[in-house]
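Undergrad: Mapping the sequence shown onto UniProt numbering, position 43 (from 1) lands on 43, and the numbers just tick up by one.
Bear in mind the hints are in silico, worked out from the structure with no lab data behind them. Each hint should be verified, as a subset may be incorrect.
As the list claims (entries may be wrong) - When the alpha-carbon atoms are kept at most 30 Å apart in a straight line, the in silico DSS-like pairs for lysine-lysine are as follows:
#1 Lys-385 x Lys-324
#2 Lys-420 x Lys-436
#3 Lys-84 x Lys-8
#4 Lys-324 x Lys-290
#5 Lys-420 x Lys-430
#6 Lys-39 x Lys-84
#7 Lys-385 x Lys-430
#8 Lys-385 x Lys-290
#9 Lys-127 x Lys-84
#10 Lys-127 x Lys-8
#11 Lys-436 x Lys-426
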Amino acid sequence: MVTVRREKDSMGAIEVPADKLWGAQTQRSLEHFRISTEKMPVSLIHALALTKRAAAKVNQDLGLLAAEKASAIIQAADEVLAGKHADEFPLAIWQTGSGTQSNMNMNEVLANRASEILGGVRGMERKVHPNDDVNKSQSSNDVFPTAMHVAALLALREHLIPQLSALTDTLRDKSHAFADIVKIGRTHLQDATPLTLGQEISGWVAMLEHNLRHIEHSLPHVAELALGGTAVGTGLNTHPEYARRVAEELATITAAPFVTAPNKFEALATCDALVQAHGALKGLATSLMKIANDVRWLASGPRCGIGEIAIPENEPGSSIMPGKVNPTQCEAVTMLCCQVMGNDVAINMGGASGNFELNVYRPMVIHNFLQTVRLLADGMESFNKHCASGIAPNRERITQLLNESLMLVTALNTHIGYDKAAEIAKKAHKEGLTLKASAVALGYLSDAEFDAWVRPELMVGSMTPGR
Numbered sequence: 001m002v003t004v005r006r007e008k009d010s011m012g013a014i015e016v017p018a019d020k021l022w023g024a025q026t027q028r029s030l031e032h033f034r035i036s037t038e039k040m041p042v043s044l045i046h047a048l049a050l051t052k053r054a055a056a057k058v059n060q061d062l063g064l065l066a067a068e069k070a071s072a073i074i075q076a077a078d079e080v081l082a083g084k085h086a087d088e089f090p091l092a093i094w095q096t097g098s099g100t101q102s103n104m105n106m107n108e109v110l111a112n113r114a115s116e117i118l119g120g121v122r123g124m125e126r127k128v129h130p131n132d133d134v135n136k137s138q139s140s141n142d143v144f145p146t147a148m149h150v151a152a153l154l155a156l157r158e159h160l161i162p163q164l165s166a167l168t169d170t171l172r173d174k175s176h177a178f179a180d181i182v183k184i185g186r187t188h189l190q191d192a193t194p195l196t197l198g199q200e201i202s203g204w205v206a207m208l209e210h211n212l213r214h215i216e217h218s219l220p221h222v223a224e225l226a227l228g229g230t231a232v233g234t235g236l237n238t239h240p241e242y243a244r245r246v247a248e249e250l251a252t253i254t255a256a257p258f259v260t261a262p263n264k265f266e267a268l269a270t271c272d273a274l275v276q277a278h279g280a281l282k283g284l285a286t287s288l289m290k291i292a293n294d295v296r297w298l299a300s301g302p303r304c305g306i307g308e309i310a311i312p313e314n315e316p317g318s319s320i321m322p323g324k325v326n327p328t329q330c331e332a333v334t335m336l337c338c339q340v341m342g343n344d345v346a347i348n349m350g351g352a353s354g355n356f357e358l359n360v361y362r363p364m365v366i367h368n369f370l371q372t373v374r375l376l377a378d379g380m381e382s383f384n385k386h387c388a389s390g391i392a393p394n395r396e397r398i399t400q401l402l403n404e405s406l407m408l409v410t411a412l413n414t415h416i417g418y419d420k421a422a423e424i425a426k427k428a429h430k431e432g433l434t435l436k437a438s439a440v441a442l443g444y445l446s447d448a449e450f451d452a453w454v455r456p457e458l459m460v461g462s463m464t465p466g467r
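Sequences are here, hints too, so could you generate the full structure?
TA: Now the structure itself:
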């Protein structure tokens with residue numbers, strides 16, 4: 001039989017497991033929102049703990065919270081940040097849209113733990129109050145969006161951007177290494193004029209460089225914090241210096257460029273910063289899907305596909321076809337990109353659906369945002385390590401396909417005109433001839449002229465990677 005204790009909130013008393021630090025409002029949420037299995041992300045829980053830690057410090061400095069209580073709250077928050085009490089935060093994403101229940105979950109856990117630190121007990125006789133002390137100068141309406149921005153910015157800066165930069169570096173190295181390998185280009189999935197493998201990969205590099213700039217451009221808005229706006233953005237029940245000082249404290253303890261939002265009404269009423277930042281992440285997913293698709297097409301085969309590049313063979317690919325190896329890293333990337341695009345739709349809908357002074361889709365928005373960051377960061381790391389770093393050219397196959405392409409005839413346009421060049425290509429295709437044989441048979445040029453004018457290495461232009 002589970003031992004319980006009595007906890008009380010504004011709606012009355014309720015039984016809570018005696019071995020848990022949470023209180024009445026957390027227990028009510030557990031009982032009323034038994035929906036699916038998605039729980040509040042750990043990084044969001046840690047961001048809430050950081051927010052409470054900063055608030056306690058500033059409230060103490062402003063003379064609003066007794067030093068012993070502030071110290072105990074800070075110690076309790078540090079324990080959460082160290083990974084202790086992880087099972088004390090069991091609430092579902094699918095709860096109140098303001099995140100109030102998760103804010104109170106943190107308030108209750110820190111209050112009960114701080115009470116123990118001060119020599120008190122859990123429950124109604126505790127020495128630290130979840131609302132009056134832990135939540136002092138705060139509302140769920142400014143705490144939860146603040147924690148969202150803290151979690152989002154730290155995830156982008158510490159996880160996604162480093163992996164994006166690492167993958168970009170790998171592909172840039174490949175582009176330089178393959179700068180002199182001339183291959184056939186393809187448009188509309190049909191043969192086109194030549195380029196180098198290095199030029200082709202340089203396009204991927206430029207895509208990722210643009211993505212990085214777009215993501216970085218979104219960060220200043222994400223760095224704006226709602227804390228200090230309290231219920232509707234007016235700052236009711238806060239010290240005039242509180243908002244600025246608590247943002248500075250969060251910036252100090254995270255070494256991140258957090259600032260107080262210049263307009264708290266926007267900060268509470270919208271999720272625009274995360275909508276816009278996620279748009280940049282969706283753009284990255286779009287680029288990664290194109291890159292992964294290009295890689296698996298170029299590596300297709302081994303005998304009946306394009307086969308211009310080889311990628312690492314990491315694991316058996318079929319339960320029935322012996323020896324088959326598949327481009328599994330590319331498949332994982334394309335799947336997670338689909339999920340990111342779905343997350344973007346959900347975030348857009350949530351961001352667009354706020355009313356008046358508060359957006360009430362916040363738990364869903366941050367759940368999807370942080371999932372996107374994790375998927376993209378982990379996906380790029382895996383793709384880089386197990387695929388991109390091992391890309392190698394199949395020079396024999398590249399040369400074969402280059403020499404067989406009818407589109408080399410494009411080099412003759414400026415010598416004999418488009419119409420005659422097209423006639424050469426059509427005759428070669430219809431009769432199974434080489435371009436040279438077709439051109440000579442039609443009498444449009446000699447062997448020597450063909451060899452002088454149709455030189456793939458001179459058809460790749462002057463556009464080098466990085467230009």
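Undergrad: With reference to the structure, classify each hint as holding or not holding.
TA: Now for the hints, and whether the structure bears them out:
At roughly 21 Å between alpha-carbon atoms, Lys-385 and Lys-324 fall within 30 Å of each other, so this suggested pair holds. The suggested pairing of Lys-420 with Lys-436 holds, with an alpha-carbon distance near 13 Å, which does not exceed 30 Å. At most 30 Å may separate the alpha-carbon atoms for a hinted pair to count; Lys-84 and Lys-8 meet this at roughly 25 Å. Annotation: proposed proximity of Lys-324 to Lys-290 holds, straight-line Cα distance about 24 Å (limit 30 Å).
In summary, the hint linking Lys-420 to Lys-430 is supported, as the alpha carbons are separated by about 15 Å, within the 30 Å threshold. Straight-line distance between C-alpha atoms of Lys-39 and Lys-84 comes to about 17 Å, which keeps the hinted pair within the 30 Å bound. For the hint pairing Lys-385 with Lys-430, the CA-to-CA distance comes to about 45 Å; that exceeds 30 Å, so the pair is violated. Pair hint Lys-385 plus Lys-290 holds up; C-alpha atoms about 18 Å apart against a cutoff of 30 Å.
Proximity of Lys-127 to Lys-84 is assessed by CA-CA distance (about 21 Å); at most 30 Å being required, the pair is judged to hold. The suggested pairing of Lys-127 with Lys-8 holds, with an alpha-carbon distance near 14 Å, which does not exceed 30 Å. A hinted pair counts as satisfied when its Cα atoms are at most 30 Å apart, and Lys-436 with Lys-426 qualifies at roughly 13 Å.
Violated hint for the displayed structure: number 7, the only one.
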